[in-house]
Structures are given as C-alpha cells and as structure tokens.
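Protein chains: 2
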Amino acid sequence: MSFDPSTLRYDAHGLIPAIAQDHATGEVLMMAWMSAESLRETLEDGRVTYWSRSRKAFWAKGESSGHVQRLIELRIDCDRDCLLLLVDQTGPACHTNRRSCFYTAARDGGEVVILEPIA
Amino acid sequence: MSFDPSTLRYDAHGLIPAIAQDHATGEVLMMAWMSAESLRETLEDGRVTYWSRSRKAFWAKGESSGHVQRLIELRIDCDRDCLLLLVDQTGPACHTNRRSCFYTAARDGGEVVILEPIA
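First to last, the protein sequences are chains A and B.
Counting in full-length UniProt numbering, the first sequence runs without a single skipped number right up to 119 at its last residue.
Counting in full-length UniProt numbering, the second sequence runs without a single skipped number right up to 119 at its last residue.
Treat the hints as calculated values from the structure; they're not laboratory data.
Quantities reported herein were computed from a predicted structural model and do not represent experimental measurements.
Think of the CB as a built atom: it goes at the ideal place given N, C-alpha and C, for glycine as much as any other residue.
Hints may be right or wrong, so weigh each one.
As the list claims (entries may be wrong) - Straight line, CA to CA, 25 Å or less: simulated SDA-like cross-link-like pairs of lysine to any residue:
1. K56(B) <-> K56(A)
2. K56(B) <-> D79(A)
3. K56(A) <-> A12(B)
4. K56(B) <-> R9(A)
5. K56(B) <-> D81(A)
Stated by the list, open to error - To list a few chain A residues with every Cβ distance to chain B over 12 Å, as calculated:
6. R47
7. R70
8. D79
Using the sequences plus the hints, can you model the full thing?
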C-alpha cells in the first residue's frame, strides 16, 4: 500500500497535529500542525515543513533560524489523525532557543523551568 | 508560581492536545485531548483522564480495559497550548492492543506496521 497524505484525517481547518521527536534520544521536541500539502513538501524535501496557524502560511522549520528538522521517519497513529515525526534536529527546536518546547514542568503544585536556552 | 490549569490555552472547544510518553523508555504512546476539568482530575487522582471528543465525555484511561496511565510528570510547552504527559503505562496504550498508537510507519513510499498487539 503506497502512502498517500490525502488518506489521513484532517480537522475542520484541513490540519493534522504532528509531534516531533528526536530520533536518537527520544526527546519530544515540539508539536505543530501540518496540512496535506506541507506533509507532501516534507516527504519530497526531507526537511520538515509545518503549517503556521498564526501566519496562515507554510512554515519550513528552520528556514530563517537554521534550526532545521530532517525527517528520519514518519509514523501515523491508529486513527490516522495524528503524526509522529522522528527527526534529526539541528540546534534548538523551540523559538526560545531551548532544545524542546516542553521546558516547563508542573512539580509540587508549581511550575519549574527544566531546560535552559542552548543558543 | 502555582500551577493552574485555567492558565493554559485551550482551543475553541475548550480542549488542549496531550501527548503521552513512556517515562522510562521515551516511547511516544498516543495523543489525545484534555479539558481543564479532565486535567484537574488527572492531577488530583494521579491517573490520566482525557476528554473523548467522539463520546463527548470524560475518558478515564484504562477504566474498562485496565490499561491505565499513571502520571509521572506533566510538562507544558512554550505556547501553553500543548501538554506532554510522562506516564507509567500499564499494558498497551492503543485500543488495538499495541503498546503505542503510532504503529504504522511510512517507509519506501508505502505503509508498514511496525508493532504487533501485545495483549
């Protein structure tokens, strides 16, 4: 069976959530959204392109920052409404220059920052 | 700063995506949705409760199957619109009885099932 992005289940805005995970360490780096077209771009190019909901535009990850994500493997969940991207991340994934966007932990009833900026 | 679920950014339906990751292995198990109330339940109880969009009801993970998720740590992303749940998963996370919902990989232009049911 060949893989066809149009067979996925997109939301009312034509988008599907995509989780980026470091292929080597397993660290979850970020979650963003893809359209069928941004997924096609990603598969063709090998570099991850999301859809920016705020800018309503393609978002070629790292295009301005250089912090690109190279796609190692695409995985699809059981309901075909969520993607897992195993990626090779150059530098930080987060716009705060932290490796991961998930740098805040809820601990002991409060919030703790557990990652510092790396760039 | 104390952690208050009402400070998160929910979508138009009052929901926020939550990624469940095995706290020990780093495996991404599933993605589902939480309401502020299901997150409060989860924090109080220590067992993960989602919001089922199809049933429009609380979904205490594993309530019928026994495949519960114990919350080890809650992490919040930079935009406060996505959650990462580090969990201790009993048995399979997926309703297909696979450990993870992300059991399909896009490889060589096709789809490959990379995990078998464990229960």
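These are the hints, each one checked on the structure:
no. : hint              : verdict
1   : K56(B) <-> K56(A) : 29 Å, violated
2   : K56(B) <-> D79(A) : 17 Å, holds
3   : K56(A) <-> A12(B) : 17 Å, holds
4   : K56(B) <-> R9(A)  : 19 Å, holds
5   : K56(B) <-> D81(A) : 17 Å, holds
6   : R47               : 16 Å, holds
7   : R70               : 15 Å, holds
8   : D79               : 7 Å, violated
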